[in-house]
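Let the sequences and hints guide you as you build the complete structure.
2 protein chains.
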Amino acid sequence: MKKSIAIDMDGVLADVEAHFITWYEKEYGERFSKNDLKGKTEENAFPKKGMVKKFASTKGFFSTVPVMDGAVEAIKELQKNYEVYIVSAAMEFPQSLVEKRSWLSEHFPFIHWKNIIFCGDKSVIGTDIMIDDHLKNLDYFNGETIMFTAFHNIDFDNHTRANNWREVLKILKSLEKF
Amino acid sequence: MKKSIAIDMDGVLADVEAHFITWYEKEYGERFSKNDLKGKTEENAFPKKGMVKKFASTKGFFSTVPVMDGAVEAIKELQKNYEVYIVSAAMEFPQSLVEKRSWLSEHFPFIHWKNIIFCGDKSVIGTDIMIDDHLKNLDYFNGETIMFTAFHNIDFDNHTRANNWREVLKILKSLEKF
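Chain order of the listed sequences is A and B. Mapping the first sequence onto the UniProt record's numbering, position 174 (from 1) lands on 174, and the numbers just tick up by one. Mapping the second sequence onto the UniProt record's numbering, position 94 (from 1) lands on 94, and the numbers just tick up by one.
There may be inaccurate statements among the hints.
As the list makes no split between identical chains, a pair holds if one copy fits it or if it spans any two.
DSSO-like, lysine-lysine: derived pairs with alpha carbons at most 27 Å apart [as the list claims (entries may be wrong)]: (1) Lys40 / Lys114; (2) Lys136 / Lys3; (3) Lys173 / Lys2; (4) Lys3 / Lys26; (5) Lys3 / Lys170; (6) Lys114 / Lys136; (7) Lys76 / Lys48; (8) Lys114 / Lys54; (9) Lys177 / Lys38; (10) Lys53 / Lys3; (11) Lys59 / Lys114; (12) Lys49 / Lys114.
Worth flagging that the hints you see were computed from the coordinates, not collected in a lab. These figures come from a predicted structure and were not determined experimentally.
Have a look at this one:
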């Protein structure tokens, strides 16, 4: 049987970081780089606090987020050897449910609806592997974990880090050897 | 730590069977009883085939479904001793996502968004217990299973059967004794 992987959307399949920067500039006229955000929390990412949560609650945010570099090719590659599930904590923002579902159909039409999970917390997800950017999800997971680099997790080393999708594939290949 | 339970929506929290009957009568003028449907498949529940799937794809169906008798009180009771998750296979019908989320907020406002999961198949749900009406979900589940009676599962005995929410509570109490 194929091993199963739970793959996060925001910050992993979807480049929300770039999108936050674009939306912040649009709203406040100030442009930040990804480097500027490094080591900050989501709450304090920008001078105006709580913007990450505000944008995430705004209609149109999730439907227009850019795809993370290399994600489409990597998911296609992973589907050859793994049962790939997309697991997104969408429940906090109800308006995001339909936007996230449409976004996946648009950019990842090769992912079957049976393999999509929108949840609140991820503690009951029982896949073999989890790829996520949030410690709150990875720390309570029982299987193998890969932490996808995001500005808010730079200072942590609780999990195997992948800086991009190329590194994810490399890590998974090395895990297969054991 | 509290044991966790995955509880299905359609046919368990929500009386979709009653709703199908109401919608069928509204559409075709023919009234069926729950007894008439017993032992039938979802596909062949009514003389006009495929109606269950048609209704489930129609806007407004899930937002207006009646609550299953005794479900509200039972969930409140279960929350005292279990970590209760609502797990619904909503992904096949994207329009149902928002309707189901609103329906839960309306009828079960005491369920936190962190405890709601909308998925495709349920094979990666890792709770201790699952309450569901569908064999396709229960058969592949690793923990304890309770099959909530529905017209389409009358002829199966693969799982401990509960005919109503009172019986669910009784079964769970008896499990606790061991």
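Just pull the numbers of the violated hints for me, sorted ascending.
-> 4, 7, 9, 10
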